[in-house]
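*Asks:* Those protein sequences? They're chains C and Y, same order as listed.
Anchor point for the first sequence: position 32 equals 32 in the numbering used here, and the numbering is continuous, going up by one each time.
Anchor point for the second sequence: position 356 equals 356 in the numbering used here, and the numbering is continuous, going up by one each time.
All clues given are correct.
Within a straight-line C-alpha distance of at most 27 Å, the following computed DSS-like cross-link-like pairs (lysine-lysine) qualify:
hint	chain 1	residue 1	chain 2	residue 2
1	C	33	Y	402
2	Y	158	C	33
3	Y	158	C	34
4	Y	402	C	31
5	Y	63	Y	337
The hints are simulated quantities; they were obtained by calculation from the structure and are not laboratory data.
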Amino acid sequence: MSLSISAIIMLIVGVVVLYGGLAYFIYRALKSKKE
Amino acid sequence: MAAIGSAVGLGNVWRFPYVCYKNGGGAFLIPYLIALFTAGIPLMILEFSLGHWSRSPPPLAFKKVNKKLEWVGWLSSLTPFVVASYYVVVMAWCFAYMVYSINLLWEPDAESFFFRFLGKTSGISEIGGISIPVLLGLIAIWLSIFIILYKGVDRIGKVVAITVPLPTALLIILTVRGLTLPGAIEGVSYYLTPDFSKLLNVNVWLSAYAQVFFSLSLAQGILITYASYLRRDSDISNNAFITSLADAGTSFLAGFTVFSVVGYLAYVKNVDINHLGIAGPHLTFITYPTAISLLPFASAIFGMMFYIALLTFGIDSAFSMIEPMASSLNRKWRISKFKATAIICLVGFMASLFFTTGSGIYWLDIVDHFIANFGLVTVGLLECVTLGYLYKVSFFREHANKTSDIRIGRWWDLLIRYVVPSILVMLLILSIVENLKKPYMGYPVYALIIAGALPIVFIVIASFVLQRVKR
Numbered sequence: 001m002s003l004s005i006s007a008i009i010m011l012i013v014g015v016v017v018l019y020g021g022l023a024y025f026i027y028r029a030l031k032s033k034k035e
Numbered sequence: 001m002a003a004i005g006s007a008v009g010l011g012n013v014w015r016f017p018y019v020c021y022k023n024g025g026g027a028f029l030i031p032y033l034i035a036l037f038t039a040g041i042p043l044m045i046l047e048f049s050l051g052h053w054s055r056s057p058p059p060l061a062f063k064k065v066n067k068k069l070e071w072v073g074w075l076s077s078l079t080p081f082v083v084a085s086y087y088v089v090v091m092a093w094c095f096a097y098m099v100y101s102i103n104l105l106w107e108p109d110a111e112s113f114f115f116r117f118l119g120k121t122s123g124i125s126e127i128g129g130i131s132i133p134v135l136l137g138l139i140a141i142w143l144s145i146f147i148i149l150y151k152g153v154d155r156i157g158k159v160v161a162i163t164v165p166l167p168t169a170l171l172i173i174l175t176v177r178g179l180t181l182p183g184a185i186e187g188v189s190y191y192l193t194p195d196f197s198k199l200l201n202v203n204v205w206l207s208a209y210a211q212v213f214f215s216l217s218l219a220q221g222i223l224i225t226y227a228s229y230l231r232r233d234s235d236i237s238n239n240a241f242i243t244s245l246a247d248a249g250t251s252f253l254a255g256f257t258v259f260s261v262v263g264y265l266a267y268v269k270n271v272d273i274n275h276l277g278i279a280g281p282h283l284t285f286i287t288y289p290t291a292i293s294l295l296p297f298a299s300a301i302f303g304m305m306f307y308i309a310l311l312t313f314g315i316d317s318a319f320s321m322i323e324p325m326a327s328s329l330n331r332k333w334r335i336s337k338f339k340a341t342a343i344i345c346l347v348g349f350m351a352s353l354f355f356t357t358g359s360g361i362y363w364l365d366i367v368d369h370f371i372a373n374f375g376l377v378t379v380g381l382l383e384c385v386t387l388g389y390l391y392k393v394s395f396f397r398e399h400a401n402k403t404s405d406i407r408i409g410r411w412w413d414l415l416i417r418y419v420v421p422s423i424l425v426m427l428l429i430l431s432i433v434e435n436l437k438k439p440y441m442g443y444p445v446y447a448l449i450i451a452g453a454l455p456i457v458f459i460v461i462a463s464f465v466l467q468r469v470k471r
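Just chain C, with the same shape it has in the complex (with noise of 0.2 Å):
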């Protein structure tokens, strides 16, 4: 058994949305704080 293209398309939302939101969030704290 596989995933379903569905399932898939759920687990790119979720790693986009809230692993790509995190990493862009820490990334501007990071900027700011170098400034």
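With chain C fixed as given, assemble chain Y onto it according to the hints.
*Replies:* Chain Y alone, transformed into the frame defined by chain C:
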């Protein structure tokens, strides 16, 4: 970092994956993310902003807003203290299981966990004896909380530098191990396959808001207290985004940890996943250890990793629940931090003892149900109403904008004044209706009054009394 530690707790591992699975699988991510951005993050910015502006624990912060509102701050400091009294007991179970995992001494079945380990009695009216392993765990956890807190904020900083990254790393290792097991993909498929028809159900949306609200440590005075320790130039909005996304990201990851292993167990036992316990104590103390015991190698190591992860996730949340009260006593009556922490930990320990008895699990269930569904929601509502209507909410937006890289617009005022309170009122009404329809879990009415209503009445009265007692 401390706010992340406070937000990420046992609930991320044992509640989110189950709530997600029950409410449409992957489709649940849609209301969950909407709830996160429309209620969780805005309310967190409000609490951070209040704490950062006032540089005070909740009672004194609300007093600075309006002299008559000090009781709201006491309410939000006392509520997590009551939560801590039983949260620590669950951590004591984890502590005992961590010790057992060294030699795989646990017997992972419901009979062993409930009756032999907890000494569960046949009914709530039969108190039963104290469980010694739980009592020892309880002493260890309360002592740890005291040692971490009495020295003040510097020690908290040092502790969370370990207790935030360590369990996350362990969770990643456990997830990788879980995903390499046979049957894991079937488990993950249960977790992620979306059922979009569930999005038409209003209860699914309310579950998403409730999950976000409870998971982020909102309305517990914790974020206000921690924000009061932040440097003047700390970026409030960015901190709120990072804390919320780290919490949600951990929950999402925990789903893979849990469902990969549950999928493996279903594969080995040749049963459907629905027949296995996948939430709460059942998941943590029966299903997961059963799966761990069946691993082909290094069962003890993975078992220990799991319970160390739970303990380290839990300890940050536990001491953050005590800190608002300890800090409030310290600041209002100039009681030394050592004394204030000692008093709170001692009272908390005494209260926890009740939950280590044979009927403790029944009482714990009732207190948790009422405090979460009525206590926290009411405090959140009071925060929105007092700060959103009786005081200019735009003041807190401007304060956050002064120090933040990301500027918040007027939309935030609308969320705090209309959206968040509406959701909280709906959650409250839903809880009231459900509890009036039938007694919670069929418990006798006297038990619901003692463990459900009385703690809430006590918190409200104590809040007004503490406001009246002069410095």
